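Chemist: Just so you know, the protein sequences line up as chains A and B, in that order. Here the first sequence is numbered in the numbering used here, starting from 1 and rising by one per residue. Here the second sequence is numbered in the numbering used here, starting from 1 and rising by one per residue.
Keep in mind that the hints were calculated from the coordinates and are not lab data. Misleading hints may appear alongside valid ones.
Unchecked claim - Calculated pairs, DSSO-like style, for lysine-lysine (alpha carbon to alpha carbon, straight line, at most 27 Å):
1. K133(B) / K194(A)
2. K103(A) / K14(A)
3. K177(A) / K69(B)
4. K103(A) / K197(A)
5. K295(A) / K64(B)
6. K2(A) / K220(A)
7. K141(A) / K177(A)
8. K75(B) / K177(A)
9. K177(A) / K65(B)
10. K165(A) / K14(A)
11. K165(A) / K103(A)
12. K5(B) / K295(A)
13. K139(B) / K308(A)
14. K69(B) / K141(A)
15. K141(A) / K103(A)
16. K63(A) / K14(A)
17. K524(A) / K368(A)
18. K177(A) / K64(B)
19. K194(A) / K65(B)
20. K75(B) / K308(A)
21. K133(B) / K308(A)
22. K171(A) / K368(A)
23. K75(B) / K141(A)
24. K114(B) / K308(A)
25. K197(A) / K2(A)
26. K194(A) / K14(A)
27. K165(A) / K197(A)
28. K175(A) / K194(A)
29. K141(A) / K65(B)
30. K308(A) / K64(B)
31. K171(A) / K14(A)
32. K75(B) / K175(A)
Claimed, not checked - If you want the footprint, here are the derived chain A segments under chain B, 3+ residues with CB under 8 Å:
33. 86–95
34. 520–533
Just so you know, these numbers come straight off a predicted model, no measurement behind them. Virtual Cβ for every residue (Gly too), placed ideally from N, Cα, C.
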Amino acid sequence: MKMNGAQILMKALKDEGVETIFGYPGGAVIDIYDELVKTDIRHVLVRHEQAAVHAADGYARAKGRVGVSLVTSGPGATNTVTGIASAYMDSIPLVVITGQVPKTLIGNDAFQEVDIVGITRPCTKHNYLVQSAESLAGIIKEAFHIARSGRPGPVLVDIPKDVVKAVIDYKAPGKVKMRTYNPTYNPNRRQLQKVIKLVEEAERPVIFAGGGIILSEASKALTEFSRKAQIPVTGSLMGLGGFPGSDPLWLGMLGMHGTYRANMSTSACDLLIGIGVRFDDRVTGRTDAFAAQSKIVHIDIDPTSIRKNIPVTIPVVGDCKNSLDMLNEMLGDADLGDLFERRKPWFDQIDEWKRAGRLDYEQKEIIKPQFVVEKLYEMTEGKAIITTEVGQNQMWAAQYYHFDRPGHFITSGGLGCMGFGLPAAIGAQMACPDKLVVDIAGDGSIQMNIQEMATAVQCCLPVKVVILNNGYLGMVRQWQELFYDKRYACTCMEHAPDFVKLAEAYGGVGLRATKPEEVETVLKQGLFNHNDRPVIMDFAVDKEECVYPMVPAGAPITEMLLV
Amino acid sequence: MQEEKHVLSILVDNQPGVLSRISGLFSGRGYNIESLCVAETTETGVSRITIVTQANTPLVEQIKKQLNKLINVLKVFELTGSPYVQREMALIKVSAKPESRAEILRIVDIFRCKVVDVSLDHYTIEVTGDDGKMNAILKMMAPHGIKEIARTGMIALFREPK
Chain A
1 MKMNGAQILM
11 KALKDEGVET
21 IFGYPGGAVI
31 DIYDELVKTD
41 IRHVLVRHEQ
51 AAVHAADGYA
61 RAKGRVGVSL
71 VTSGPGATNT
81 VTGIASAYMD
91 SIPLVVITGQ
101 VPKTLIGNDA
111 FQEVDIVGIT
121 RPCTKHNYLV
131 QSAESLAGII
141 KEAFHIARSG
151 RPGPVLVDIP
161 KDVVKAVIDY
171 KAPGKVKMRT
181 YNPTYNPNRR
191 QLQKVIKLVE
201 EAERPVIFAG
211 GGIILSEASK
221 ALTEFSRKAQ
231 IPVTGSLMGL
241 GGFPGSDPLW
251 LGMLGMHGTY
261 RANMSTSACD
271 LLIGIGVRFD
281 DRVTGRTDAF
291 AAQSKIVHID
301 IDPTSIRKNI
311 PVTIPVVGDC
321 KNSLDMLNEM
331 LGDADLGDLF
341 ERRKPWFDQI
351 DEWKRAGRLD
361 YEQKEIIKPQ
371 FVVEKLYEMT
381 EGKAIITTEV
391 GQNQMWAAQY
401 YHFDRPGHFI
411 TSGGLGCMGF
421 GLPAAIGAQM
431 ACPDKLVVDI
441 AGDGSIQMNI
451 QEMATAVQCC
461 LPVKVVILNN
471 GYLGMVRQWQ
481 ELFYDKRYAC
491 TCMEHAPDFV
501 KLAEAYGGVG
511 LRATKPEEVE
521 TVLKQGLFNH
531 NDRPVIMDFA
541 VDKEECVYPM
551 VPAGAPITEM
561 LLV
Chain B
1 MQEEKHVLSI
11 LVDNQPGVLS
21 RISGLFSGRG
31 YNIESLCVAE
41 TTETGVSRIT
51 IVTQANTPLV
61 EQIKKQLNKL
71 INVLKVFELT
81 GSPYVQREMA
91 LIKVSAKPES
101 RAEILRIVDI
111 FRCKVVDVSL
121 DHYTIEVTGD
131 DGKMNAILKM
141 MAPHGIKEIA
151 RTGMIALFRE
161 PK
């Protein structure tokens, strides 16, 4: 059958089950858009290409599928880089399609030409420059395969305009066969037997669960393992929701803004089982003091994560879910004897830490940001999908919204990318139209992609934006307060827009609370009264509130500044 | 931990951009490249890259894993630690005044090199050998004045069991 490149692309996307694309048209992709509107694929027209990628990221996480973005060449392509880098750090499966100038013009500094394959090489899992219409269908198939398999990640496909226009005899691509790429899903059984032995012997074990749990859909298996083996669980920022936040075995988040009990138990444990984590510096603090008395088991599908930052006693390369399923099966046969009895002193100690260092704040006459998040948690019964911006808002969301389910906390963890929350919320709302989606934002980072309010209004998406407005770039201000003698260099946002009026100007709803007693009313109105357009809720919070506990960068995680 | 020289032999898809993925991995992650050599193998579509790097043991493990993670990398071998043969070729342009011409030719003879270009005041010498031989001949030629030098960097293969 005769088809042009654009038609082949659409067929390839349909074959991959793509239902939604986040994108922005331009000269190099006019032909693709011309075909796109003939299909039943929904297109979300963003207002900036960075947002197209963040939205695809939010969509991928909420839906558990590959997110897709489509942008034009040159500036369209370069604008996606931040979004791609964020997805790469957080291992989110994306396929980003960029237009390119015709092959004959490549290298000529043509209008809107940029070497996006070169630019994104270090921040994609893989990328392609499509050389012919004949290879297009196969490359798209391979791109989706690479994006979603193994340790997931973003894949970029750059398509020159003449490839899109070329008419050829279409041949369906065969099965993806790549001899250079073959992720290890099944862990080595002998390694796991060693893990079981350590679990039996351990007096003070801790599980440290990360984003891998969520990506491999291993939450149930993790919960089963933790309960069977009576091991408390802490998590990375990316791991929140991978283990129920209301479970008695949950220790809270680990690391720089982790809970007192999570940091203390990780430092005092004699066995640390890291699953789907990469021991990031925000988690470990000073590495030579991290879990220094402990044997460390590290289970991850990506061998490069293992022994990159910390030495490991037993490395296990494999999918988190497969590994946990096997561990659970093996635990069934293991002799756990008086396990509950033996673990009692350890749990008593953890309870003591829990009492000694609770997450806490005092709500007086000015609204505390923590109070807003806590109220939000209560009023949504913990069921909302929460996206965040980056900084204090992100940490308070992580600390005070107790995530019980995977896929409900969507945040730029590794890259720490301001401007992520609103477009990610748009993506999540597209993926889950019936769910409440809330972006917990700061007044600084919301302004980095505020233009996406227009996207939400155009698509009738009822995303809720909760701005914890303190007039500062709060996290940097906090560092300046604590470590730079309160020299607030350039962190005060003296001029901010009136967010209520701004919401209305976009065609959304704007609400404001300036006193603690207004918080509940505003949340109630904002969350439940408008289901056809976005709502911004602007909370004037305590300007100099800090996120505690805090471990200074590079210090051991036991050196916590508490309130 | 002690940094040592490691020789890595990498089989890759022979595609545009693959060398850039590998060199970009080294520069982006702050790994060191002492020498790098790349050319096709007899298998269609497969090239061999030989990289010599300075790293401690955990780091070289990480480098190998990172290389394996690249989609276009077929296989990574570390030669260091097993018997292997290594060669490098250099072209050395050396000043050759009448009084030193005979001496230079004697060195060429001793090292079993070849003179591949000659003029009234220079020889260009082709030399092949391992690290040790390269360093030795450079040392011998230095007093005569080395005008220019081009080296290929090391290539290497495992020895077969005898």
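Chemist: Evaluate each hint against the coordinates.
Modeler: To see whether the hints hold, each was checked on the structure:
1. K133(B) / K194(A): violated, 49 Å
2. K103(A) / K14(A): holds, 26 Å
3. K177(A) / K69(B): holds, 17 Å
4. K103(A) / K197(A): violated, 59 Å
5. K295(A) / K64(B): holds, 25 Å
6. K2(A) / K220(A): violated, 48 Å
7. K141(A) / K177(A): Holds, at roughly 11 Å.
8. K75(B) / K177(A): Holds: K75(B) and K177(A) sit about 16 Å apart, inside 27 Å.
9. K177(A) / K65(B): With Cα atoms ~22 Å apart, K177(A) and K65(B) stay inside 27 Å; holds.
10. K165(A) / K14(A): holds, 19 Å
11. K165(A) / K103(A): Measuring from Cα to Cα gives roughly 12 Å; hence the hint holds.
12. K5(B) / K295(A): Given pair K5(B), K295(A) is violated - Cα atoms ~31 Å apart, limit 27 Å.
13. K139(B) / K308(A): violated, 40 Å
14. K69(B) / K141(A): The hint holds at about 20 Å.
15. K141(A) / K103(A): Status holds; Cα separation ~22 Å.
16. K63(A) / K14(A): Holds - the C-alpha atoms of K14(A) and K63(A) are around 17 Å apart, at most 27 Å.
17. K524(A) / K368(A): holds, 18 Å
18. K177(A) / K64(B): Within the cut-off at roughly 23 Å; holds.
19. K194(A) / K65(B): With a Cα-Cα distance of about 23 Å, the restraint between K194(A) and K65(B) holds, given a limit of 27 Å.
20. K75(B) / K308(A): holds, 20 Å
21. K133(B) / K308(A): Judged against 27 Å, a Cα distance of about 37 Å means the pair is violated.
22. K171(A) / K368(A): Violated. K171(A) to K368(A) sits at ~61 Å, over the 27 Å cutoff.
23. K75(B) / K141(A): holds, 24 Å
24. K114(B) / K308(A): violated, 47 Å
25. K197(A) / K2(A): violated, 62 Å
26. K194(A) / K14(A): violated, 45 Å
27. K165(A) / K197(A): violated, 61 Å
28. K175(A) / K194(A): violated, 37 Å
29. K141(A) / K65(B): holds, 26 Å
30. K308(A) / K64(B): holds, 12 Å
31. K171(A) / K14(A): It holds: about 15 Å lies between the C-alpha atoms, which stays within 27 Å.
32. K75(B) / K175(A): With a Cα-Cα distance of about 23 Å, the restraint between K75(B) and K175(A) holds, given a limit of 27 Å.
33. 86–95: It is violated: at least three residues are needed, and the segment 86–95 of chain A offers just 0 whose Cβ sits closer than 8 Å to chain B.
34. 520–533: violated (count 0)
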